[in-house]
Every structure is written in C-alpha cells, then in structure tokens.
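These protein sequence lines map, in sequence, to chains H and E. The first sequence begins at 1 in this note's numbering and counts up by one. The second sequence begins at 273 in this note's numbering and counts up by one.
Since the hints were derived computationally from the structure, they do not count as laboratory data.
Residues from chain E that face chain H, not an exhaustive set, calculated with beta carbons under 8 Å:
1) 343
2) 345
3) 363
4) 365
5) 369
6) 396
7) 397
Using N, Cα and C, we set each Cβ at its ideal position, and we do this for glycine too.
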Amino acid sequence: MAEPHFAGKYAKCLGTGFRAALEYRVNFFLSVAGAIAPVVIQTALWIVIYGDDPASSLFGFTFPQMVAYTVIAQLVSRLVRTGFEYDVNADIKSGSLDRYLVKPIGYFGFRLFSFIGDKIVQTAFMGVLLVLAVWILAMALGFVVSAGAFVLFVLSLALAFVLNFLVFWCVALVGFWLTEIGYLFEAVRIVIIAASGGILPLAVLGPDASSVLTLLPFRFTIQFPTELLTGRIPPESVAGSFGIAIFWMVVLAALGQVIWSRGIRRFAAVGS
Amino acid sequence: MAIIEVDSLSRNFTYYEKAEGLSGSFRNLFARKTMVKKAVNEVSFEIDEGETVGFLGPNGAGKTTTLKMLSGIMHPSSGEARVMGFVPWQRKKEFRKQISIVMGQRSQLWPDLPALESFDLNRAIYEIDHKEYRTTLDELVSLFGIAEQLPVQVRRLSLGERMKMEIIAALLHRPRVLFLDEPTIGLDLISQGAIRDLLKALKGRFGTTVMLTSHYLSDIEDLCERIILINHGESVYDGPLSGVNETLANRKTVRLIFSEELAEARLSAIPGFRSHDTNSAVFDVDRSEVRAFSRRMLDELPVIDLTIEDVPLEEGIARLYRGEASNG
Numbered sequence: 001m002a003e004p005h006f007a008g009k010y011a012k013c014l015g016t017g018f019r020a021a022l023e024y025r026v027n028f029f030l031s032v033a034g035a036i037a038p039v040v041i042q043t044a045l046w047i048v049i050y051g052d053d054p055a056s057s058l059f060g061f062t063f064p065q066m067v068a069y070t071v072i073a074q075l076v077s078r079l080v081r082t083g084f085e086y087d088v089n090a091d092i093k094s095g096s097l098d099r100y101l102v103k104p105i106g107y108f109g110f111r112l113f114s115f116i117g118d119k120i121v122q123t124a125f126m127g128v129l130l131v132l133a134v135w136i137l138a139m140a141l142g143f144v145v146s147a148g149a150f151v152l153f154v155l156s157l158a159l160a161f162v163l164n165f166l167v168f169w170c171v172a173l174v175g176f177w178l179t180e181i182g183y184l185f186e187a188v189r190i191v192i193i194a195a196s197g198g199i200l201p202l203a204v205l206g207p208d209a210s211s212v213l214t215l216l217p218f219r220f221t222i223q224f225p226t227e228l229l230t231g232r233i234p235p236e237s238v239a240g241s242f243g244i245a246i247f248w249m250v251v252l253a254a255l256g257q258v259i260w261s262r263g264i265r266r267f268a269a270v271g272s
Numbered sequence: 273m274a275i276i277e278v279d280s281l282s283r284n285f286t287y288y289e290k291a292e293g294l295s296g297s298f299r300n301l302f303a304r305k306t307m308v309k310k311a312v313n314e315v316s317f318e319i320d321e322g323e324t325v326g327f328l329g330p331n332g333a334g335k336t337t338t339l340k341m342l343s344g345i346m347h348p349s350s351g352e353a354r355v356m357g358f359v360p361w362q363r364k365k366e367f368r369k370q371i372s373i374v375m376g377q378r379s380q381l382w383p384d385l386p387a388l389e390s391f392d393l394n395r396a397i398y399e400i401d402h403k404e405y406r407t408t409l410d411e412l413v414s415l416f417g418i419a420e421q422l423p424v425q426v427r428r429l430s431l432g433e434r435m436k437m438e439i440i441a442a443l444l445h446r447p448r449v450l451f452l453d454e455p456t457i458g459l460d461l462i463s464q465g466a467i468r469d470l471l472k473a474l475k476g477r478f479g480t481t482v483m484l485t486s487h488y489l490s491d492i493e494d495l496c497e498r499i500i501l502i503n504h505g506e507s508v509y510d511g512p513l514s515g516v517n518e519t520l521a522n523r524k525t526v527r528l529i530f531s532e533e534l535a536e537a538r539l540s541a542i543p544g545f546r547s548h549d550t551n552s553a554v555f556d557v558d559r560s561e562v563r564a565f566s567r568r569m570l571d572e573l574p575v576i577d578l579t580i581e582d583v584p585l586e587e588g589i590a591r592l593y594r595g596e597a598s599n600g
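Bound conformation, chain E alone (with noise of 0.2 Å):
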C-alpha cells in the first residue's frame, strides 16, 4: 500500500530580476519585473511502505522543495500529496508524530546542548514512553558508537559526528516515514560511508519508508532499489537503479590511449568522439557498431591500450538528467 502518494505536486517561486547598476536599481524602485521559477513541476509517484526510495538529481532540481513540501514545511503551488493519508502542510500534530527529516546543510539538534539533552528534549517532544525510549537510544548509540560523544555540546562535534547525532534525533519516536536531505553533504569519504553504512544496518530494523536525496551515487546505490530522478523540477526517471543503465545500455564507452600524442581536430573528426587529453581519447559507440569501430581505430591510430565499458552509473544519470535517455 502505498504510503506516500504525490500527484502533480508543483511549486512555483517568484523573484524579480533586478536590471544591472544603479540606473537599473533606481528603476526597480518603481517596476519590477516579476520573475517565476518552476522549482517542481508536476512531479508525481507512490512509494510503498517500507521502501527506500533515492531522490536523485542534479543542484537546484527540486529535491529538497519536494521533501520541504513533504514533510509539510511548505506549501505546494498546485498539485496534491498525502504522508500517511495525512495532508502534509496541514500539519497535523498526528502526522508530526509518525515523521521525521534529516537536513545535512540545517542541523535539527540544538547547538549548545550536548546531544543527550537535545534526546531527552525529543523524548518529551514525541512523548516518548521511558522505557521505551532507553531502549531504542541504547540500540542506535551501541549500533553509531558514540556513547562518548553524548555529553558533548553539538556545536563541538565534528560533522560527521553530528550527522549521527542528527540521525539518532530523527529516529528516536520511530517515525513511519524518514526524509534525508543529502545526509552525506560535506563529510569525508570515511564518514559518508560511516554514514551510508549506518543507514543500510536501520534499514529493515525499523520498517522505516526512507526517502533519501544525494548528490553522492554511492549513497544511492549501495541504499536504495529505486530511483527516482528529477531534473529542472521534473521527474525523468522513476524505477530500479539497474535500469537507469540500460536505458543506456545500448552505449557502450570506448577508451583509448596512444602511443604518441594526436591531434585534437583529428579526433574529434571521428563520430562518438567525447573528450581528449595528452595522449588518450573517450568515444561513445553504439553497441553493435563497437566491434567495427575498434577494428578500425587499431588500423588507423597508433593505439596501444583499448578498453570498453559500460557507460558508468554517474555519466548515465547525468545523461537522464540532459535529457538524452528516455525514461523506459
């Protein structure tokens, strides 16, 4: 059943261009011109309960607008959703109750109490029972390994400390419904995958729907079954990761390296040219042409090394998010 339904949830902002200099900041004085931006534009899906779905798309999609409007902080401009059948900006102390949203670039902790405190205060907040709360507290402190940082203010935490401190906050009432806003953003390598690792153990522990927006693939990949990937406010792909790959999968990405350096008006000359450096070039080949075009390359240019491989995750998504796949 689903437990989230969007439908043609859309979300326009307006602004007003501004001409440039002073004449142009005098004429704004008395007219200006308003300017509409389609943050989300008629987005629409279902999530089932207990799935854990990626939201992924490039700066300025529409990921965030959309877990905004969501977890019920903004209004939509048209277009409907229901949490839980609960109309989220409406926000109804029942729907608060069974959420919760992790903000990587906004910390929901407070900053000058140490992090237990800030639990105790979300305990009181989602009238969580004692022991039900020590329990659940115990588990995600032994499962994070930080019993140590508890006493320490969240303003004196590292980030990634922090980060598992947000996580615990938001998991502590056991909400129905999770929303992480690039939950990875700004951390190391270590600590992203810390993080990602984390989550992957609460996944299933909990029954939680997750919805999770990333920049970062790997996040997406090792977390999520289903992708839903929105570009310029609209969705442009909505299934398995496995198929954002072969909705490409009829490329295949040939690279070569030469045993001396070739010209750029040289290579770019031959079809499915994409990018050179000093002495190697990447080319885009149909798949049932890759045979022939390899062949022909070793006849014609000094190759040395040829290797051909399936068009990475990262490219083809930036690939969906241009528009040069089509969703199915």
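Same shape as in the complex, but just chain H (with noise of 0.2 Å):
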C-alpha cells in the first residue's frame, strides 16, 4: 500500500495550500486590484503612442492586441507570482526546517504542492475575472478568444506555475549562505518580470534581446500563455515552445536539486 500513501501525502500539501489560498483570498484579491493603476497606466501610454491609427502595427501589435496583452499579461503575473520564497527563507533562519528534516517528506514536495494547491485557488477565483477581462475586451475591442487557445492558455499555465516555482526555489534556497535575502527577492522578481513580458511584449525590447529572452525560462512564465490567449503563436511553434519550456522545468528542477544537497549539509554542519 505505499503508493497511494504517498500520494495521499503529497495530495494532503495540496489540500494545505489550498485552504491556506482560501483563508487569505483578501490578500490575492488586493495582488489583483494593485493590477489595475499599470493597466491604466500603459493603456494610456500606448494611446499616446499609437495616436490616431489603432490599426497601425507596433513591435507587431495593433493597439487592440497591445491592449488585450497588457490586461491578460498582468492578470497572468499577478497569478503565476510566488510568495512561499519568504517561508523557504524563514524556515532556514529560524531553524523551523528541521521539523521537516526530521519526518518522512520532501521537503521540496511538501513547498511545491502546497503551492500548487494555493495556485488551484487562486486560479479558480482569478478564472471569473479573467472571463470578465475577455468579454469586455471583445465587447470594447473585437478581441476572439478560440477554444483551443483557452486550453493551451491552462496548459501552458500549469506549466508557468511549475517553472515560476522552480526559479523561486533556486533563489530561496540562497538563505543557506545569506541570511538577509528579502530585498533579494524582490529585486529578483522584477527582473524576472520584466524578463518573462510582464511589463512589456519582449518584441519592445528589440530584435536582439527578444531572441535571446525567447530562450531563457521566464518568458514562459507570462508572455507565452498570455500570447497563447491572444492566439498571437502560430500553431506550429506551440510544440517547440511547451519543448522548451520542459526542457527548462528539468533544468531548473536538476539545478535546485543541487543546491537544495549543498545547502542543506551546510544547514546540517553549521546548525541553527
């Protein structure tokens, strides 16, 4: 009977997020209304810009499609951000660690499904708003959402979840040499925001560092499911992308892997 035991403990993390996510629904529904000043903010920037020609194409958006990428992508961000980095943190300060070290779980499984279980939440709550943003888009602005974009936009969610997760964790798991890590964070986060189209289509950037943000992780944490949306990736590249993206989920879950062995027989050596 091992098998659905352990299953049935990572499901029990799973279920710990989640109703962490439902007692503190506030404090995501405030993430989500501190998206609005930047929408508004960037609508109006790009009404400036685009001036009397909406149909004009800039950086390969019309001024509906800018519109539609800033509400969605920001929408996307506030979703995909992680938060349990702070408790990694705390945990290997405080020493609360060990109460994982000393019972039968991963400890990385125990974060990862818990915050799986809060994204669950969230994503549930954030789906109505999200319904909300589309129908007033098409209304205002004639944007279509197809039935197979809406299916690879949950995909490649999921996926954005898992990755942002791991990026997350790599940094996290830097308290093992630093103590005071939180301004590391969010530097760290706005970088990455930045990185992964949470501001601005990476095409604004420019030819040269758009190809090369194309390769890197973060894009695949808001731009590519905020594009799927938008049905702005040609179906033949949405193989190749959700390729990458995997291959960066291995990557990023090798690399905390040996972090995670290094810093912990350093938490082991030097005590709390």
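Each chain sits in its own coordinate frame; assemble them with the hints.
In structure tokens:
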C-alpha cells in the first residue's frame, strides 16, 4: 500500500495550500486590484503612442492587441506570483526546517504541492476575472478567444506555475548562505517579471534582446500563456515552445536539487 | 538490547572572534580569528529499548546539540551513533518514520492550522492507517483533556496547551524513540506538572524509548530512572538518579539560625562555610564530622535553630557540573 500513501501525503500538502489560499483570499484580491493602476497607465501610454491610427502595427501589435496583452499579462503575472520563498527563507533562518527534516516527507514536495494547491484556488478566483476581462475586451475591441487557445492557455499556465516555482525555489535556497535575502527576492522578481514579458511584450525590447529572452525560461511564465490566449503564437510553433519550457523545467529542477543538497549539508553542519 | 548507541560523539562549532570597536570591525574584514567551541566532546552512552533517560546539564552544555545529532538534524564533527541501527544523520525514511522530536522552544506544528489539521497532515506524512490514527488520537486526546482546543489555530493556544498538542503530534505514529528537548520550558508550575503527569501516564503505555532534556529536576525525578549529566560538552555522570546524591552522600548541609546578626568575617572563618544571611548561615560538613561540628557551633555561637540535611539533588547536580564530585 505504499503508493496510495505516498500520493496521499502530497495530496494533503496540496489541500493545505488550498485551504491557506481560501483563508488568505483577501490578500490575493488586493494583489489583483493592484494590477489596475499599471493597466490604466500603460493603456494611456499606448493610446498616445498609437495616436490616431489604432490599426497600425507597433512591434507586431495593433492597438487592441496591445491593450489585450497588457491586461492579460498583468493578470497572469499576478496569478503566477510566488510567495513561498519567504517561508523557505524563514524556515532556513529560524531553523524550523528541522521539523521537515525529521519527518518522512520531502521539503521540496511539501512546498511544491502547497504552492500548487494555493494556485488552484487563485486560478478559480482569477478565472472569473479573466472571463470578465476577455468579455470586456471582446465588446470594446473585438478581441476573440478560441476554445483551442483557451485549452492551451490553461496547459501553459500549469507549466508556468511549476517553472516559476522552480525559479524561486532556486533563489530561495540562497538563504542557506545569506541570511537577509528579502530584498534579493524583490530585485529578482522585478527583473524576472520584465524578462517574462510581464510589463511589456518582449518584442518591444528589440529583436536582439527578445531573441535571447525567447530562449530563456522566464517568458514561459507570463508572455507565453498570454500570447497563447491572445492567439499570437503560430500553431506550428506551439509544440516546440512547450518543448523548450519542459526542457527548462528539467534543468531548473536539477539545479534546485544540486543547490538543495549542498545547502542542506551546510545547514546540518552549521546548525541553527 | 541497546536501541541508541553513541560512541565518542563530538560536535564543534567554529565562529569568528571580533575585535572591539570600529577599527576591530575593519580589521575583521581582512583577517578573522577562527575560534572553535566544543559543544559536545567525546560523549558515549547506550540506551536500552523502553528506557526513559534524563539528559541533564546547564545551558550550553550540549544537550540540544546531542539530541539534534541523534534525531538526524545535525552532523557530528566526529564519532558515531546508531539509533535503531540507523545512522541518524543519513535520515533514511525508515528511520524518520520511527522517531519523533519535541522541542520546547520550537513548534513542530503549523501555526496557522488548527492542531487537528496538523495531526491529519502528520497522519498523511507518516502514512498512518486511518483506523489506527483514530484510536491513538482518541486515546491521547482524552488523556490530555484537550478535545475542545483541537479546532483552534495553534498560534491562538496557550503555551501549555500548545505543548500538549506538540506531544500528541509527536506520538501519533507511535515512534519507537522519542526525543523531548525541554518540554516544560517557559511553562508555569501547574502546566509543568500537567505535562509531567502526562509523560508519566504515557510511560510504558507505548513502550517508547524516551530521551528527555530539562533544566527542571522535578521533570527528571518524576520520569527517569537514569540520568546522564553533561557539562561543557562532556558526560560527567551516567547512572541512576539516586546515585547523584550517593556520590555526594558523604556531605551534609548544616543550616544555623542565630539569635543575633553575626559578622561575615567571623562566619567565613569557620571551615565549610558556604553562605550567610542576616541571622543564618549554611555550612557543608563531612558526614563523619557533623556531630562534632554541631556541638562546636552550639557552644561557640548564639544558635537558636540547627538543621542537618542531605545535599539537595539540585545542589548535587550543580556540584557535579562544577566537577566537585567524581563519577561513581
């Protein structure tokens, strides 16, 4: 009976994250409300930039496409946002990591599944907002979402959760070596959001920068799901993009494993 | 059969000495002097299955460090240990499933969850069968009398209630070895007594081997047949609790109360003098000399009361800490 028990263990962690998200839903809604200001500012900016010719194409985006991108990218970036890195850091710093080490459970698994549980609830909340946003965009700008695009969007979102988790897992583990890394998290987050296309589409940064950033894992956390939903990814390149994202998932997971095993050796050696 | 075997276990901590002042801080940037503290030094002992052993020592003696090594949280600097045949710090899953550690100063529960949910999470983590879980939980909850606090978020519980929950959480998977690190620390006397009574009630019920550290002698007196005393990282005594006093049994404490205040100089000149108050004084006297000493005091000083006592256990242990009495 080892298998169902094993699954049950992590399902339970998922449930814990799930309940925590329900408990702290206000926090999430506030974060979503925080998306309003940047959307308004950027839209105003695009209105000025596009001027009298909304049909013209800037960086490969018409005005309605650009506004749709701005709104959806903001929502996606709020949705994939992590927070567990502070918990990991606190566990390392205070030594409460001990309580996981003496139990028959993997800390990585515990954090990953709590995070996913958390995200399932937020996605449900966000789904409502997203439908609303798409409906308004459709009314105002004639923006249309196909069923296929929606399915791909959900898939890419799941991938984005795991990728973003892995990125911040690696960053959080720096806590084994440095004690005060709260600022590091925020600095890294801003750079990553920019590199993910969370503020502007990567194309705006110019062909050189965007071709480099296209190969990095970050764009899969925001730009890729957003472009799938807005139908901007050519069907023939969807599979390839998923392939790159999965490649990065494997690389980051392996990197995280290496950092973890070194960090935990240090933790056990130094004590707390 | 020994369930815990510890052989010359040592643990050093390195730290840096910082010279005083700004110039010191500046110099430290370039050359730091590395210092080594021996937290645990060549400690060896064996504990049999089912034993309850008290692990005593003053702050910083190395008690917690030893428990951390035995529960697998910390690597030793040298030496060996086996718990149920496992090397603890390899943290094999089978090992982790059979031990538990409760630290008075650090919660094992999730503060935002009600205790009951933490228990349920533990049930999943330890892969405990539902029926078995129910039976153990019911038994512990009725024993501890805290059914009403089960649905309350852990961070809203009082320290005493939380400690009960910690102990329940640690016992749900019926560990073979339980490490209790200062389970009564910070608790008021009544809660201390309650926790002690519970641990006593648990003793023998689950057949768990318990290693308990505490500052409070009463914890140890009530629960442990055997104690290991550790000071400055070294084991200074290992044997039955009664033995602590036997090693000191050749000494008696003589307490005198006087009808008037006496000058300290006069009292401290008497051999065996330990302390004095306005009109009382305490002396340490060899057992064979107690009669002669008492007679002399009654003759020479305005004594109105005289008591002769065994050296209290606390005192005996304090002396062992100071290395005044030898093992045996």
